[in-house]
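Single-letter residue listing:
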Amino acid sequence: MSTASNQMRDWGLAALFASIVAIAVFVGHRNHELRARQLELASAGAEAIAEGREPPTGVEAAGLVGAARPSPHYAFLRKRTVITEGKVRELGGAHAPATDKLLYDAAQRFDRNGAFVELLGDNSGRAVAARAAKNGIAVSVVAPSNPAGMPWLILLGALGLGAVIAAAGALVGGAARPLGLALGGALLAIPAYGWGGAGATISIVAGALAITFAQMRGTIDRCAAGLRRHKTALAFLAPATIAMLVLVATPFCVGLVLGFFDHHQGQWTFVGLHNFGEILSGGGRAFDDPLNFWFILGVTVLWTAANVILHVTLGVALALVLKQSWLRGKGVYRMLLILPWAIPNYITALIWKGMFQGEYGAINALLHSAGLDGVSWFSSWSTAFTANVVTNTWLGFPFMMVVALGALESIPRDFYEAAEVDGATGWQRFWHITLPHLRPALAPAVVLGSIWTFNMFNVIFLVSGGKPGGSTDILVTDAYRWAFERGERYGMAAAYGTIIFLVLLLWTVFGARIGRKEEAA
Amino acid sequence: MKWLLVLLIAACGSSREGVVLWHAYNGPERAALEHVAAEWNDLHPETPLTLVQVPYDAFADKITSAVPNGNGPDLFVYSHDRIGDWAAAGVIEPIEFWVDDSIAGRYQKDALAAMAYRDDLWGLPMALKCLALFYRTDRISAPPKTTDELFAMAARARGSYPLAYANSDLYDHAPWLHGFGGVVLDEHGELRIASAEAADAMAFSKRLIDRGVVPAETTGPLVETLFNEGKADMALEGPWFVGDIAKGVPWAVSTLPIVSETGRPAAPFFSAEGVLMSARARDKDAAFAVMLFIAGDRSANERARDAGQIVPNAGVHDDATQAVFRKQLEHTVLIPAAPAMRMVWTPYMTALAKVQSGGESPSDALLEVEREVRRYSEPPR
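One line per chain: the protein sequences are A and B, in this order. According to the numbering used here, the first sequence is numbered sequentially starting from 319. According to the numbering used here, the second sequence is numbered sequentially starting from 845.
Hints should not be assumed to be uniformly reliable.
If you want a taste of the chain A side facing chain B, the calculated C-beta under 7 Å gives, among others [unchecked claim]:
1. H391
2. G439
3. G676
4. P786
5. G805
Here are the simulated DSSO-like pairs of lysine-lysine, each with C-alpha atoms no more than 30 Å apart in a straight line [to be verified]:
6. K1171(B) to K953(B)
7. K405(A) to K1128(B)
8. K1128(B) to K953(B)
9. K1050(B) to K1171(B)
10. K989(B) to K397(A)
11. K1075(B) to K989(B)
12. K397(A) to K953(B)
13. K1128(B) to K906(B)
14. K1091(B) to K989(B)
For each label pair, taking beta carbons as the anchor points, the in silico distance ranges come out as [as the list claims (entries may be wrong)]:
15. A412(A) to A1040(B): 50 to 60 Å
16. A604(A) to W1189(B): 17 to 27 Å
17. L645(A) to N913(B): 58 to 68 Å
18. W1189(B) to P662(A): 20 to 30 Å
19. L654(A) to N1145(B): 33 to 43 Å
Treat the hints as calculated values from the structure; they're not laboratory data. Think of the CB as a built atom: it goes at the ideal place given N, C-alpha and C, for glycine as much as any other residue.
Next up, chain B with everything else stripped away, as it sits in the complex (with noise of 0.2 Å):
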């Protein structure tokens, strides 16, 4: 009983002391990310950083229950599409306080300001995500510019499909869902997800598996094992699937192709991940002190050579694959950062796999998608 007393004033102690930020990375990331903090540490002793890795799955509803109760970590690192429920729930702290136009000036402008919301600044981008076009070099020489061109690989296609993506996610289906002209929301953050573009492009990810171009009901980890077994020549995936490619497969990834009915490049959406400061931070001065540090250019360098992130600061070196991406990242749109996206994913998947398999016109679908998520976002009566 007095051991266990003495943990616990213990534990309650330790947490008092420096910065503590949340993560949830892992591998490389993760061990790039602990050789920075490492540093901040060897230069900064009188504030020392402490890392707790939370699992993924976690961590999102970890930071909204644990920060109002002032048990949450004074940073943490996440995608800023969450930025817009925790502003609104107050577990945030904005940050143009601190930050001028010399700070913001080392950033790329679009990953910073994806880190606003509500003409508030809430954190400093670490990485950029999107999806780009991975393909087998032993199988494929060049990927295709159009989708007129990938339809035409279908027919000439041996023992393989062309290309795998998750159908039915609509992460992966943005960049289908942009190039022909649909949005999720529009530029007010009101809700266009029943409109002909957007029909039109989920007829085409139907058409895609009609015409044997890729496999039906595909999702993530099936991409992978169908491009590492030579099965599916190309994948539609981001940065992270470069750790997943087998050894000895050929690859090389490029920009995605033009869609060929409306002449617009195809459009994925794009995440920055950014490191966030808790509206309960103890110190908020070093805890921005140590954010400049995290998402600051030699940090950056580290993060880009170590882990293959794409990071959003000025002047930082790209290896080729690094370059293909951030030439992707010229069309793209930004995952939008309002609470009402968050409800749209799920009914978005349904409504993707209804049609994908023959169950249901488009526009009918979209139309059912668009009135699941009014009814999820209306506050109650």
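Bound conformation, chain A alone (with noise of 0.2 Å):
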């Protein structure tokens, strides 16, 4: 490629990143000076209503409304009249204006909270002002106001001229075509002065110059060259990166963010480490406390610790045996216990929650059958947590015994038969090549299966539901609590939300490292 059409890839590049700055300031400034053009307009309207003049050109309606009069039958009912343009009529009813409505509702806030100006929440733009006036409440309704049109011209010309000075420095060559590429990308410089002030100008040369400094270093080069090059690649890349960026990436960081803030009644409010702080503090709850934040990473641990030592052991016993040679009906016995595996966890939970209850339940039940009293599963911490792990083992065994099976098949034959030439029991075979043989298979098998027992929700929210008092839970349905059960509080969701994130981030790391070990010993 010749270096003039270089020069312009390289000027396009600047031009794009400057107009988007220029473009994101123009809008941010123009809507700042529409909204405080309408909420001036509403004040000067609501001023002039209380004073008893005309309300300027631009105010859609206005009027000076009268006192609530409540219905003698209904405190919730209350009528009012507004005196517009000198007349004298009700608010209210099936064919009134549109904007009767707002003056009414506007009255009804100023009653409730005093004078207030502001924009409607409903994003046209209309901006309503109330004050106190002497016979009634002054009430002022800005219309609509289209927000000033993109300056185009400006854009264009300054892009235009932006374009022949990038040119003409390549066509002069030498110290000329950076200086051009630099002068012409930075051009809208001065324009985005104007809207967004010297922050705006900073970013937009500062971007030409950091695309002006990789040219001079050939980094565009060698990225455009890369690029060509990797086409195809690239090309069957960017759908998953596509779906990964918007479906992980970005509730990932939207997550990360929340976790600073607080949600009360439909307010955000920036909170800084707060949740952080209450969460890992244990919000001035003893330790023992079932809602202590310890207390649930407590539970949440064991949980998973209990799990995963069930899983293992004995998903790796039953593949043992189905690997017996003289086992029959293999085929059968191996898909009758895969089965739990394959059938939807919530429809398992539910099923072991149903045979767990006290009255009716099949496993009390079957202890009746037995002579043995029954037991009351969910009224103490240690029956309830069973529960739960008894539900999740029948889940999560298949996995395990699947990963053992398919590591077994691997072990060649001549070990064994070398030992048993050897003289080697049962056991010594099992733990000196058995073992070994299933560890590089088990390892990540087993940090897969921590992190989601770590974070299985279904079953203890199905199961146990934290019964009793909470004690059950672990960190991701108090999380699920926080969010939906304690008054919307997402921002401590949220927060939650991190902290398990680094818990498992800390363990994945922690526990590729112990893998690796045991690989390499």
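Join the two chains into one complex using the hints; note that each chain is given alone, in its own frame.
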């Protein structure tokens, strides 16, 4: 490619960046200005009404709204009159002009909260102001106003001039080339100063300089060449990358940010690290309080450890049995044992919950028929926790069994034959041959299984539901309760999410290191 | 790609017409509402009404998040107890501008009052819900008049429990709570959870289990099974239960007994389902006209007849079951619409379960509930 076309490509990059910044600051500036203008007009309108003058042009509706007259039968029904242009009329009813409702609601709000001026929340751009007047409440509604149009002429002019400067620089060559690029790319900084102040100008100039610098070092040329070379590969990667960005990265980032806010009755407030502080300090609760974060973390860790140990032990044991040559009908057994895994886990969880029911559940019925007393499964921590673990073990062992079965198949038979010749016992064969060969396959499965179990919302939520008293809740179910049962404290729930992520990140890094060490050993 | 774009434009375009109403009804209630909507569309082809069924579990959260972004419906049907939250968050539109005494007079006064919050009116009532006493006429001839009679029934019971209800659910426990004189929030909206009366009611709920009047750890679906299988003679349930009773089970419904300790009638919670307007409704006048129609007498008659709803409209004919519920409504307590109420359910449930399994004293458990709810309703510092 020629120097000139490369120059125009680089200028294009700088111009794109500058245009984005310039348009963003212009829109921000324009909305701010419009808002200020509308609010000012609304205030002026209300003031004019209060002083008995004509409201200024641009005010859509304005009037002196009379005091509320409550209905004799219903305290929450109030009628009001309005005086507009010297005429008195009743507010309300089915065929009233649409602005009457705005006048009425503004007066209601004034009675509750006092004078105000604000933009309506419906994105129409209407502003409403209400203030006290001698014989009522002066209200004015400003008509929706269109924001100023985009300054296309300035934008296109600056871009065109910039292109010419950049092209001229390339034609002259030498030091004029980067100079032309920097000047041409930064030209939009001049009008942007008027819209967004120094900040916008500095960003545009900095962007143009960075691109010029990159051009001088040849970085852009190398990137462009790389893009061309890997065109096909990048095209294949693009759909997955976009999907990951939209479905994983975006919610993740939103969650991270939300953790620093508090949501209370529809209002978001920035609270910094307060949520994290409240969680990590246990919110002033004792350590044995089931709602203390550290108690829940302890339960979660215990829950994860108990499950993973049971899953692995049961899974490996069943895999060993299924591998025995004397066993007949292996296919049937294998299918039956994988079945719990194939059924959606919430259905399994609900079935087990029913079986643990105190009065009519299958498990207590079994205990009764064996002459034992029934157990009230969800009234003490240990039995409720056991019920959860039993359910999740039922759900979890097939995965470990399948992994172990696969790994067992890959152990060469020669090892066992050699061991037998050397007179090794069955236990020795298991301990010195089978287990070391299972380890590389099981280690990642254990890390994965522990992450699944750590966040196993369905079993906890559906089987014990945190009973008794939230003491069998794990971190994710408690996060859910912050979001949906404790007054929509989304910020707290998001902070919980971040903490869960950090704990699991630590565990994955730590677990992977153990796995590597074992492989090396 | 092109097709996707066309679909997208079509989807955006279609929602811009007429009035859109979300509801969570199923079965006969849904059919009745759809019939009402069809009538509206016949009468008013210029403002077509579109119904969208949204699953109940997701309903409230969808409204809370969709309406402020301008993606919500114009109208929706929901129980009154979220009005406080939605009014505070600016999700719903006050409607008293359009309502005068003649419109208000069409509704039972307390049903309309349930739609009011903070001295504003936010919706028109459509259906009333509360608990009453269902009993199997093949097992008992007359339901108990007092709780003492209820306990006496346990002594005589053979192979079945006299009563089944969802013990640890505050909604199902509320008749006893109010019958003993307790409350959750007082008339000023202040939390009054921990009281001697509430503790008495909790101790009573444990006594019901200990003396074999009711089975422990019962949930809604289990109540249905026990009643249908004849393992419970009576069930504490609402109007929706009629559809759950198995064919061939002879049943009747009665009002709740009087709490013998206090002499006051057991008073369940009462909730009013109503049609509410989104603060972002596009054509508010048209939306209100639809509201009036949906909650109007003609619609109410159809909903009462076809779906068994207990409607708040004056002059609608009740069948025998509806008449009993209407009588029960005289002794009910409106579920408070204050935002704090919604934080009470889970901790209260925990406390009931703890007390009923003998793990904690009622007064301690109630103190803990009150402490938790206060903690959650505190604004951020």
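We went through each hint and held it up to the structure:
1. For H391(A), the shortest C-beta to C-beta distance to chain B is roughly 6 Å, which falls under 7 Å, so the interface hint holds.
2. Using the Cβ-Cβ criterion of 7 Å, the hint placing G439(A) at the interface with chain B is satisfied: the shortest such distance is roughly 6 Å.
3. With a least beta-carbon distance of about 5 Å to chain B, the hint placing G676(A) at the interface is held under the 7 Å criterion.
4. Hint on P786(A) holds. Least Cβ distance to chain B is approximately 6 Å, under the 7 Å limit.
5. The interface hint given for G805(A) is met, as the beta carbon of that residue sits about 5 Å from the closest beta carbon of chain B, less than 7 Å.
6. This hinted pair checks out: K1171(B) and K953(B) have alpha carbons roughly 15 Å apart, not beyond 30 Å.
7. Annotation: proposed proximity of K405(A) to K1128(B) holds, straight-line Cα distance about 25 Å (limit 30 Å).
8. Using a Cα cut-off of 30 Å, the hinted pair K1128(B) and K953(B) holds, with the two alpha carbons roughly 25 Å apart.
9. Taking the CA atoms of K1050(B) and K1171(B), the gap is about 28 Å. The hint holds against a cut of 30 Å.
10. With a CA separation close to 46 Å, the supplied pair K989(B) and K397(A) exceeds the 30 Å bound.
11. Distance restraint check for K1075(B) and K989(B): the Cα-Cα separation of roughly 21 Å lies within the 30 Å cut-off, and the hinted pair is therefore satisfied.
12. About 19 Å separates the Cα atoms of K397(A) and K953(B), which keeps this hinted pair within 30 Å; it holds.
13. Between the alpha carbons of K1128(B) and K906(B) the distance comes to roughly 21 Å, so the proposed pair stays at or under 30 Å and holds.
14. A distance of roughly 27 Å separates the Cα atoms of K1091(B) and K989(B); the hinted pair therefore holds under the 30 Å criterion.
15. Between A412(A) and A1040(B) the CB atoms are about 51 Å apart, so this pair conforms to the stated range of 50 to 60 Å.
16. Range check, A604(A) to W1189(B): about 25 Å between beta-carbon atoms, so the 17 to 27 Å window is met.
17. L645(A) and N913(B) have their C-beta atoms about 60 Å apart, which keeps the hinted 58 to 68 Å range intact.
18. Remark: the range hint 20 to 30 Å for W1189(B) to P662(A) is upheld by a beta-carbon distance near 27 Å.
19. At about 57 Å, the beta-carbon gap between L654(A) and N1145(B) misses the expected band of 33 to 43 Å.
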